[in-house]
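*Asks:* Please build the complete structure, drawing on both the sequences and the hints.
Order-wise, the sequence lines are chains H and Y.
In terms of this note's numbering, the first sequence opens at residue 26 and continues consecutively.
In terms of this note's numbering, the second sequence opens at residue 1144 and continues consecutively.
These are calculated hints, taken from the structure and not from any lab test.
Every value quoted in this text rests on a predicted model; they were computed, and no experiment measured them.
Heads up, some of the hints might be wrong.
To be verified - Short derived list, chain Y residues pointing at chain H, Cβ under 10 Å: (1) H1178; (2) I1231; (3) D1233; (4) S1286.
Said to hold, decoys possible - Capping the alpha-carbon separation at 27 Å, the derived lysine-lysine pairs in DSS-like fashion look like this: (5) Y:K1551 to Y:K1291; (6) Y:K1246 to H:K271; (7) Y:K1477 to Y:K1460; (8) Y:K1245 to H:K204; (9) Y:K1208 to H:K278; (10) H:K204 to Y:K1156; (11) H:K136 to Y:K1158; (12) H:K216 to Y:K1337; (13) Y:K1149 to H:K239; (14) H:K361 to H:K30; (15) H:K344 to H:K390; (16) H:K209 to H:K160; (17) Y:K1492 to Y:K1334; (18) Y:K1623 to Y:K1477; (19) Y:K1229 to H:K278; (20) H:K111 to H:K216; (21) H:K271 to H:K349; (22) Y:K1158 to H:K239; (23) Y:K1386 to H:K383; (24) H:K353 to H:K271; (25) Y:K1626 to H:K278; (26) Y:K1158 to H:K303; (27) H:K344 to Y:K1156; (28) H:K111 to H:K359; (29) Y:K1334 to H:K278; (30) Y:K1477 to H:K383; (31) H:K344 to H:K383.
C-beta atoms are modelled at their ideal positions from N, C-alpha and C, and glycine is treated no differently.
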Amino acid sequence: MIQLKTRGFAVNIPEKLLAIVLTDVQDNEIVCFSSSINLEIVLSTRIPTSSSTKCMVVGIPSLMHLSKGDIVLIDPNGTINTLFRKQSFHNSLFITDRCNSNCLMCSQPPKNFDDLDHHFKINTELISLLPKTIKELGITGGEPTLLGRRFITLLEQINLELPTTNIHILTNGRVFAWKNVVEKLQRVENKRTVYGIPLYSDYYQQHDYIVQVKGAFRQTILGFHNMARYGLRLELRIVLHLQSYKRLPSLSKYIYKNLPFVEHVAFMGLEHTGYAIKNNDILWIDPKEYADELEESIMFLDTMGLTVSIYNLQLCLLKPSLWKFARKSISDWKQKYLDECVNCALLSNCGGVFTTSKVHSNYIKAVTTIAGQIKE
Amino acid sequence: MQMENKIAKEFRKFKPFDFYQTGTEKYYLLPFRFHQINSEKEVIVNEVGDFLIVPIGTARRIAEKEIEYEESLFIDLVTNFFISEKPIPDLIDVLATRYRTKKSFLDDFTALHIFVVSLRCNHSCHYCQVSRVSENRQDFDMSVENLKHAIEHMFRSPSAAVTMEFQGGEPLLAFEKIKFGVEYAKLLNKKYQKEITFVICTNATVFTQEIFDFCYYHEIRISTSLDGPEFLHNANRPKLGTKSYEMVIDGINTARAELGHDMVSALMTTTALSLNYPIEIIENYIENGFDHIFLRPISPYGFALKNQKKNHYHTRKYLDFYKKGLDYIIQLNKEGHFIVEDYTTIILKKILTPFPVSYVDLQSPAGIINNVVVYNYDGHVYASDESRMLAESGDFTFRIGHVKDDYKSLFYGEKARYFANFWSNESLAGCSDCGFQTYCGADPVFHHASQSDLEGYRPTSDFCLKNMEIIRHIFDLIDKEGKQVLSIFNSWVNNRPIIKAL
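*Replies:* Laid out in structure tokens, this is it:
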């Protein structure tokens, strides 16, 4: 797990500041630069003995997670949040902690305070600081479309400042049930932006139950159709758990018949944290136990010509026929392997597990090769 | 603020499954039809072709509102658009979009333009549906003037993609006309910018290097006739003094070498003699490097068309032939050999996919004029290939005019409007309530030819007998063989072999 947050003692930090890291760690220090106050800021693990007029955060436990080119948010209270890591492919703009759904398995439970202004201000500044060369950028929350009109403003800014970056937006897509919203979105549309939208069942009541909102299924399906009409790129995401696995084959058929325009379908293993811990009894099923439903669904969609991926599931839990669909999807900062995995022949192809998950499958077991053949 | 907090708190409280039921356990019917497929099952089919195979009597139970909310069937009926928990379903717009998609082959109007550049032929096939004339009668070629008119009509079609197909007789005997036609079409296309596919339907026995060079340069596809093993092919397709089979195989192989393997396809005609040899025909296609075969329904146009008894006999024998052939092909696929039966695949696309399927002989509204038109060698314009075959025996019902007539009078004229009364199976007696309606089509030309009635009389219609039985048979296979045969069918629909990982 890579640390994204640390804390020291702030010295002469007047307000929340975005700063670019200028150096790698040298002599227990790194130097950053904040363009809004036009000054250098020193981050240090030591505690200086004499007072200084320099902007500093001192006594930080470790700086090892930072390197040149990263962007951090420094708070007058001494908190240092990493907002962008130059070495990573998993950088995202965090839009809000709020959400208009309340999914049973939410890994990052929504909060009920208004943080939209706060994050919008930071993101506006952050976008202009990001290197123009970054290949991928996520947009996530909470539910990013809660930004309303400013969501479009943000996309316009990205179009302008990051004209070659691929953008991946995670949204529940419910707001797109309104055609006028999609019309506005279409005006800032570009072929580098993909919307990842979840659908958990082909039956409205089951989907609405999982996301805990009446009418969500109808809104999401209409949203898919409205977006497809305007040529927006769509990815469909299915989280696998006790409430979604039974109708997976029916859901796959439903997707092919009613949403054949989605360019990618991702089947996602459960991240066992957040609400998932609280709702463990109604969510947890060992991935081994839904292997048949998963195989049938994926083989069907693949045969019908849709692009399919499996996220967050370990190769040892999947039927070998599905290995080629598995992606190393877990973000680098919260990914690890278990002790058992050390001797696994498939380790280098496997995405490992979430460091954040409280429960792992009982069937995670090293796969060994025998005479060129891979056996469990 | 406190009020807000209260709402937020209530919203964040998890609620049980039942809370999200918005229906009243009552349901309303959406349009659907049904048909019995074997002694135990019937299939219910909705307006867009989605189906469920269910026990006999289920359609009655649905209609009489006997399905209970607790039955798993209830959910399947809702998610597949058979019933709705509200009088107007929430997602009726999705159903509308899907219906529009299924019928979107109509958007493009006439896409297939057939040019009969010559009636001359070097073969004398007994089943020939066109009265061919001998090789040296140049007055049976299309005139340059008429050819130009016809090509200009093709460009008036609203379709962004058109197929220009040369037929005969043997069209390559009038190669100069093909050459002129392709070059004239390309010249006009500088203005119209359509996507044009060129096809020559030939017996593959009169190729020259000049022809190959021309075809290669213009990316022209070759469609030829192969009826199966040598004895069968030669019996069906005699050619004076030479061996037709050897020549066609040689032609196919040379054309593949010159133009590319996938540029050459073959069609078989099922004759009374062919009916005894389904396996041999399939084996012959495989031997000759084809992974597609079209077990083409026996055509009545070359037989005693008005002899219903004889036609029925042939249709039933054809159905046996088709089923034997299909069984064999499915078996080959199970053994890992990818080979596709094309007629089944056309129907499967209608059953298994949400996409439009334009096959001029099996669609509603029918293919005539809507998707195909024929410009005959003498300048007359016909509603389909079969229409001009009728004309050769003196029946001009489906002649819609002459290439010199204006576009509107040909494609939207009195005759076209008259045919329109009979070209949608949604409004034909015996079809309008048929369970297989969305998978089938209307064929006014066939019914005029065989029953002297463009509407047709279903109980004695061979078109109906044949397609009903083929579609029923496909559902019977899906019901009895389940997932294994479905995965083969899905691989045909998508034209790619099943890839077994590891």
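*Asks:* Determine for every hint whether it applies to the structure shown.
*Replies:* Going down the list of hints, with the structure as the test:
no.	hint	result
1	H1178	20 Å, violated
2	I1231	12 Å, violated
3	D1233	4 Å, holds
4	S1286	46 Å, violated
5	Y:K1551 to Y:K1291	17 Å, holds
6	Y:K1246 to H:K271	33 Å, violated
7	Y:K1477 to Y:K1460	26 Å, holds
8	Y:K1245 to H:K204	23 Å, holds
9	Y:K1208 to H:K278	26 Å, holds
10	H:K204 to Y:K1156	30 Å, violated
11	H:K136 to Y:K1158	18 Å, holds
12	H:K216 to Y:K1337	25 Å, holds
13	Y:K1149 to H:K239	19 Å, holds
14	H:K361 to H:K30	18 Å, holds
15	H:K344 to H:K390	13 Å, holds
16	H:K209 to H:K160	25 Å, holds
17	Y:K1492 to Y:K1334	35 Å, violated
18	Y:K1623 to Y:K1477	15 Å, holds
19	Y:K1229 to H:K278	23 Å, holds
20	H:K111 to H:K216	24 Å, holds
21	H:K271 to H:K349	23 Å, holds
22	Y:K1158 to H:K239	11 Å, holds
23	Y:K1386 to H:K383	77 Å, violated
24	H:K353 to H:K271	25 Å, holds
25	Y:K1626 to H:K278	13 Å, holds
26	Y:K1158 to H:K303	13 Å, holds
27	H:K344 to Y:K1156	37 Å, violated
28	H:K111 to H:K359	17 Å, holds
29	Y:K1334 to H:K278	43 Å, violated
30	Y:K1477 to H:K383	44 Å, violated
31	H:K344 to H:K383	24 Å, holds
Taken one by one, the earlier hints fail for this structure at numbers 1, 2, 4, 6, 10, 17, 23, 27, 29 and 30, listed in ascending order.
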